[in-house]
Each structure stands twice: as structure tokens, then as C-alpha cells.
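J.: Here's the letter readout for the chains.
2 protein chains.
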Amino acid sequence: MDEKKLSSQVVKRLPRYYRYLSTLLQLGISRISSKDLGNRMGLTSSQVRQDFFCFGGNGLQGYGYDVGFLHQEIHKLLGLQHSHTMIIIGAGSLGHALAKHANFEKSGFKLAGIFDVKPELIGEKIRNVEVQPVDDLPDFLSKNPVDIAVLTVPENCAGEVARLVADLGVKALWNFSPVELMMPEDIIVENTHMIDCLMVLGYNLQEKSLREESLKEKP
Amino acid sequence: MDEKKLSSQVVKRLPRYYRYLSTLLQLGISRISSKDLGNRMGLTSSQVRQDFFCFGGNGLQGYGYDVGFLHQEIHKLLGLQHSHTMIIIGAGSLGHALAKHANFEKSGFKLAGIFDVKPELIGEKIRNVEVQPVDDLPDFLSKNPVDIAVLTVPENCAGEVARLVADLGVKALWNFSPVELMMPEDIIVENTHMIDCLMVLGYNLQEKSLREESLKEKP
Chain A
1 MDEKKLSSQV
11 VKRLPRYYRY
21 LSTLLQLGIS
31 RISSKDLGNR
41 MGLTSSQVRQ
51 DFFCFGGNGL
61 QGYGYDVGFL
71 HQEIHKLLGL
81 QHSHTMIIIG
91 AGSLGHALAK
101 HANFEKSGFK
111 LAGIFDVKPE
121 LIGEKIRNVE
131 VQPVDDLPDF
141 LSKNPVDIAV
151 LTVPENCAGE
161 VARLVADLGV
171 KALWNFSPVE
181 LMMPEDIIVE
191 NTHMIDCLMV
201 LGYNLQEKSL
211 REESLKEKP
Chain B
1 MDEKKLSSQV
11 VKRLPRYYRY
21 LSTLLQLGIS
31 RISSKDLGNR
41 MGLTSSQVRQ
51 DFFCFGGNGL
61 QGYGYDVGFL
71 HQEIHKLLGL
81 QHSHTMIIIG
91 AGSLGHALAK
101 HANFEKSGFK
111 LAGIFDVKPE
121 LIGEKIRNVE
131 VQPVDDLPDF
141 LSKNPVDIAV
151 LTVPENCAGE
161 VARLVADLGV
171 KALWNFSPVE
181 LMMPEDIIVE
191 NTHMIDCLMV
201 LGYNLQEKSL
211 REESLKEKP
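Line order of the protein sequences matches chains A and B.
In terms of UniProt numbering, the first sequence opens at residue 1 and continues consecutively.
In terms of UniProt numbering, the second sequence opens at residue 1 and continues consecutively.
Simulated from the structure, these hints should not be mistaken for lab results.
Built from N, CA and C at the ideal position, the CB exists for glycine as well.
Check each hint, because a few of them may be wrong.
[To be verified] In silico EDC-like pairs for lysine to aspartate or glutamate, Cα to Cα no more than 20 Å straight-line:
1) B:K76 with A:E213
2) B:K171 with A:E213
3) B:K76 with B:D66
4) A:K106 with B:E155
5) B:K100 with A:E120
6) B:K218 with B:E207
7) B:K100 with B:D66
8) A:K12 with B:D66
9) A:K171 with B:E207
10) A:K76 with B:E213
11) B:K5 with A:E217
12) A:K76 with B:E207
13) A:K100 with B:D139
14) A:K5 with B:E207
15) A:K208 with A:E185
16) B:K216 with A:D186
17) B:K171 with B:D139
18) A:K12 with A:E190
[Claimed, not checked] A few chain B residues that face chain A, going by a derived Cβ cut-off under 10 Å, partial list only:
19) Y18
20) R40
21) T44
22) H82
23) H84
24) L173
25) M182
26) I195
27) G202
28) E207
Generate the whole structure from the sequences, applying the supplied hints.
T.: Written out as C-alpha cells, the structure reads:
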């Protein structure tokens with residue numbers, strides 16, 4: 001496997017490639033052309049070839065790509081041979097939903113703790129993990145090293161909570177609050193801003209209706 | 001506003017620009033350079049200039065961009081002057097969390113209905129919207145036009161539910177199931193694959209630790 005750093009755009013596509021390749025393997029398909037894979041994924045074949053070339057995947061003319069090999073390489077690239085520990089901060093409805101997500105543990109992301117400030121939530125068990133008070137975070141993190149903190153806290157305290165866990169040694173944050181976190185460069189941040197997805201849908205709906213109107217106007 | 005189609009990459013950045021510009025307006029900042037905005041957002045100034053140029057935003061040398069004007073243009077581009085109706089299919093914990101999300105309605109995305117197959121969930125009220133049986137979808141959609149269907153259903157029925165609502169006239173899908181939907185071209189699909197975000201974090205964690213190890217090895 002090539003060790004050069006991949007662009008963040010390529011990295012974002014890796015889980016999708018991984019999912020498609022897993023499906024192909026399940027279907028017993030052992031090789032595929034960049035064109036076929038691109039068609040299934042809504043990408044151009046040249047995009048697929050470029051992406052695979054970035055991490056040393058080379059197709060053969062008239063043969064295509066070896067599905068098993070690519071699957072294995074992307075598995076290694078994504079670090080799926082390792083497991084990661086994570087905590088969820090904010091045991092509201094979104095925190096609950098994430099704690100219950102079955103696929104996370106299957107992919108090696110193990111839930112080590114859930115934290116909240118609300119007294120009525122403390123002690124509740126979600127998938128056998130007990131909700132603990134946020135005040136216990138320093139003690140918990142000193143005993144349990146955690147890779148990822150999932151932030152499902154209200155907007156107005158997201159920054160404070162992010163700085164707290166980063167100071168306590170958590171290396172990566174998955175932020176669901178609709179704010180942009182200003183963190184030191186060595187802290188890895190991944191944002192899932194739900195409203196952004198709706199806004200993109202809103203844009204595409206408007207775009208579609210403008211396109212249809214302009215087609216109607218044409219003679 | 002220019003009517004040429006924006007690339008999907010630019011469209012994906014629009015909600016973030018909109019959020020930053022909203023914050024700037026709240027802070028009473030009326031103009032900003034591409035460099036300052038890029039720094040805040042982790043983008044290069046040339047990226048910011050290119051993006052704004054796509055929809056007719058032109059900065060002035062030594063003055064920068066007019067925050068209010070850009071904010072207004074992006075508001076229009078995103079279609080935020082219109083409201084959209086949506087339904088949630090799948091009233092599990094993620095469906096609950098999305099139904100309770102306060103920011104959606106504020107941005108014009110109105111929840112019109114929630115549907116599930118489980119008898120024990122039918123009749124439950126989430127934010128004053130009652131969970132209805134999926135079997136009632138045809139009747140509901142014939143009376144209530146809906147723009148967006150949010151799919152928080154299990155993986156094995158996502159495709160079937162997607163085809164059902166598309167056949168019933170829903171134009172856009174927000175899919176949370178970890179499958180890729182194969183839909184007709186005129187159906188707009190936005191995917192939020194939670195596990196993909198964790199995998200990207202896993203990649204970046206591994207990348208960071210490899211980088212740190214290689215620094216240690218150097219004399």
C-alpha cells in the first residue's frame with residue numbers, strides 16, 4: 001500500500017467504495033471494470049481509476065480490478081483492522097439514536113461511555129452503557145483512553161465541551177452541533193450538520209423546478 | 001444571481017457559507033476578505049473566491065465581500081425563501097431524533113407526517129405529529145403533497161420504501177440507511193451514512209498515528 005497522503009475528497013469516498021466492494025464480494029463478483037463500478041456509484045470511470053491509483057490499485061486492461069484486493073486495501077487504509085473507542089456526550093434523542101446504532105460496533109467502533117448534564121438522564125442504560133454525569137469526564141478519561149468523542153450537545157456548549165475533551169486527551173471529535181468548532185490543528189474534527197443536508201436537498205429541489213419551468217417555456 | 005448550474009461540491013459548501021455569513025451578520029461584521037473567511041472556515045482564499053464567483057459574488061480589491069449581499073444571495077440560491085414539507089419514514093430512535101430537531105422547521109422544512117410499520121408506535125405523538133401506519137402512505141400522499149421523504153428504515157427495506165414514495169410523487173429522498181438507493185434520475189437523493197463519518201475519523205486517526213511514529217523514528 002502506498003503511504004502518500006490521500007486528499008480529503010478521496011478519503012470521503014473510501015467508505016462508499018468499501019460498501020460497494022463488500023456488496024460485490026457478497027454477490028460473488030471477483031472483478032469489475034472502473035466503468036461498471038462508476039456506473040453503480042454515479043461516478044465517472046476516470047474518477048474511479050484516479051481514486052484507486054492514489055492507493056496503489058491498478059486495473060488490468062480487459063480484466064478490470066480485483067475486487068478482493070481492493071476491498072482488503074481499503075479495509076487497511078480505513079484502519080478497520082483496529083478497533084476504536086468512543087464516547088457520546090449528550091444523551092438526548094440524537095445521542096440515544098447513535099448509541100443504539102448497531103453498525104458502529106460491527107465496524108470496530110466501541111461505545112465506552114455516555115455523558116450528560118441532566119440529572120434525570122444519569123444512570124439510564126442505553127445498550128448496557130450507563131449515562132454518567134459530564135462532571136465525571138476528567139476521571140473517566142484518565143482511566144479509559146478514548147479515541148473519539150461524539151458531540152450531540154446543544155449549540156451553545158459544543159465549543160466548551162470540545163475543548164474540555166481535547167484537553168483531556170481525546171484525539172478526534174464527531175460534531176453534530178450546528179457550529180464550527182475552532183480546535184487546535186492536531187485535533188481531528190468530522191462534522192455532521194443535519195440541516196446542511198436538508199439545505200442541499202432544498203437547493204436541488206429548487207434547481208429541478210426551475211429547470212422544468214424553463215423547459216415548459218421553450219416552444 | 002447567475003443561473004448557471006453549480007457543481008455539487010460548491011452546493012455542498014453553500015450551507016456552511018450561509019452559517020458563517022449569518023454569524024458574521026449577527027456580530028455586526030458587514031464586509032470580509034476571502035482570506036479572512038477562508039481562514040475561519042479552513043478553506044483557501046482562492047477556493048472562497050472561486051465559489052463566490054460561481055454565483056456572481058464579486059469582492060472588491062481592498063474592500064472584500066459584502067456580507068449582507070452574499071448572505072442574501074445564498075439564501076435565495078438555497079431556496080430558503082420557500083418552505084418544504086417532509087415526512088419521516090421509520091419512527092425508531094433516529095426518526096425520533098430527526099422529528100425533534102428544532103432547527104429544521106426554523107429553516108423552512110416542515111414535518112408533515114411520520115410513518116412506521118410497528119403497531120406499538122402507531123398513534124404516538126412526536127412534536128405534535130402522530131405516527132401513522134406505512135400502509136396509509138398512498139392515501140396520505142394523495143392528499144398532502146410532500147417534497148422530501150426522510151428514510152430512517154432498516155437497511156433491508158430502504159429500497160422498497162424509496163421506490164414506493166417516489167412512485168407516489170415524492171421528489172427528494174434523505175436516506176439514512178446504509179445502502180445506496182438505485183432511483184430514477186429525476187429523484188433527488190441525499191445520503192447520510194453515519195458509519196462513513198466514523199470510518200473517515202478512523203482513517204484520520206490512523207494517518208495521524210502513522211505520521212507521529214514516522215516523526216519519532218527520524219533522528
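J.: For every hint, state whether the structure bears it out.
T.: Status of each hint after checking the structure:
For the suggested pair B:K76 and A:E213, the alpha carbons sit about 17 Å apart, so the restraint of at most 20 Å is met. About 15 Å separates the Cα atoms of B:K171 and A:E213, which keeps this hinted pair within 20 Å; it holds. Restraint check for B:K76 and B:D66: the C-alpha separation of about 16 Å stays at or below 20 Å, so the hint holds. Note on A:K106 and B:E155: the hinted pairing holds, with a Cα-Cα distance of about 15 Å set against a maximum of 20 Å.
This hinted pair checks out: B:K100 and A:E120 have alpha carbons roughly 19 Å apart, not beyond 20 Å. For the given pair, B:K218 sits about 17 Å from B:E207 by alpha-carbon distance, which is consistent with the 20 Å threshold. At roughly 35 Å between alpha-carbon atoms, B:K100 and B:D66 are farther apart than 20 Å, so this suggested pair is violated. The hinted pair formed by A:K12 and B:D66 fails the criterion: a straight-line CA distance of about 32 Å is larger than 20 Å.
Of the supplied pair hints, the one linking A:K171 and B:E207 holds, its CA atoms being roughly 12 Å apart against a limit of 20 Å. Of the pairs offered as hints, the one joining A:K76 and B:E213 holds, with about 17 Å between alpha carbons and a cut-off of 20 Å not exceeded. As the CA atoms of B:K5 and A:E217 are separated by approximately 18 Å, the hinted pair is consistent with the 20 Å bound. Taken as a hint, the A:K76 and B:E207 pair is honoured in the structure, with Cα atoms around 11 Å apart against an allowance of 20 Å.
Restraint check: the Cα-Cα separation between A:K100 and B:D139 comes to about 32 Å, which exceeds 20 Å; the hinted pair is violated. At roughly 8 Å between alpha-carbon atoms, A:K5 and B:E207 fall within 20 Å of each other, so this suggested pair holds. For the given pair, A:K208 sits about 39 Å from A:E185 by alpha-carbon distance, which is inconsistent with the 20 Å threshold. A distance of roughly 16 Å separates the Cα atoms of B:K216 and A:D186; the hinted pair therefore holds under the 20 Å criterion.
For the proposed pair B:K171 and B:D139, the alpha carbon gap of about 17 Å is at most 20 Å, so the pair holds. With a CA separation close to 11 Å, the supplied pair A:K12 and A:E190 stays within the 20 Å bound. Taking 10 Å as the C-beta contact cut-off toward chain A, the hint placing B:Y18 at the interface holds, the least distance being around 7 Å. With a cut of 10 Å, the hint placing B:R40 at the interface with chain A holds, because the nearest CB-to-CB distance is about 8 Å.
Taking 10 Å as the C-beta cut-off, the interface hint given for B:T44 is violated, the closest approach to chain A being about 13 Å. Annotation: interface hint on B:H82 holds; nearest CB of chain A at approximately 7 Å, less than 10 Å. For the restraint placing B:H84 at the interface with chain A, the shortest Cβ-Cβ distance is roughly 6 Å, inside the 10 Å limit, so the hint holds. Hint status for B:L173: holds, given a least beta-carbon distance of 8 Å to chain A, under 10 Å.
For B:M182, the shortest C-beta to C-beta distance to chain A is roughly 8 Å, which falls under 10 Å, so the interface hint holds. Taking 10 Å as the C-beta cut-off, the interface hint given for B:I195 holds, the closest approach to chain A being about 5 Å. Restraint check, B:G202 versus chain A: the minimum CB separation of about 5 Å is within 10 Å; hint holds. The beta carbon of B:E207 is positioned within 10 Å of a beta carbon in chain A (closest approach about 7 Å), and the interface hint is therefore held.
Violated hints, in rising order: 7, 8, 13, 15, 21; the structure is consistent with all others.
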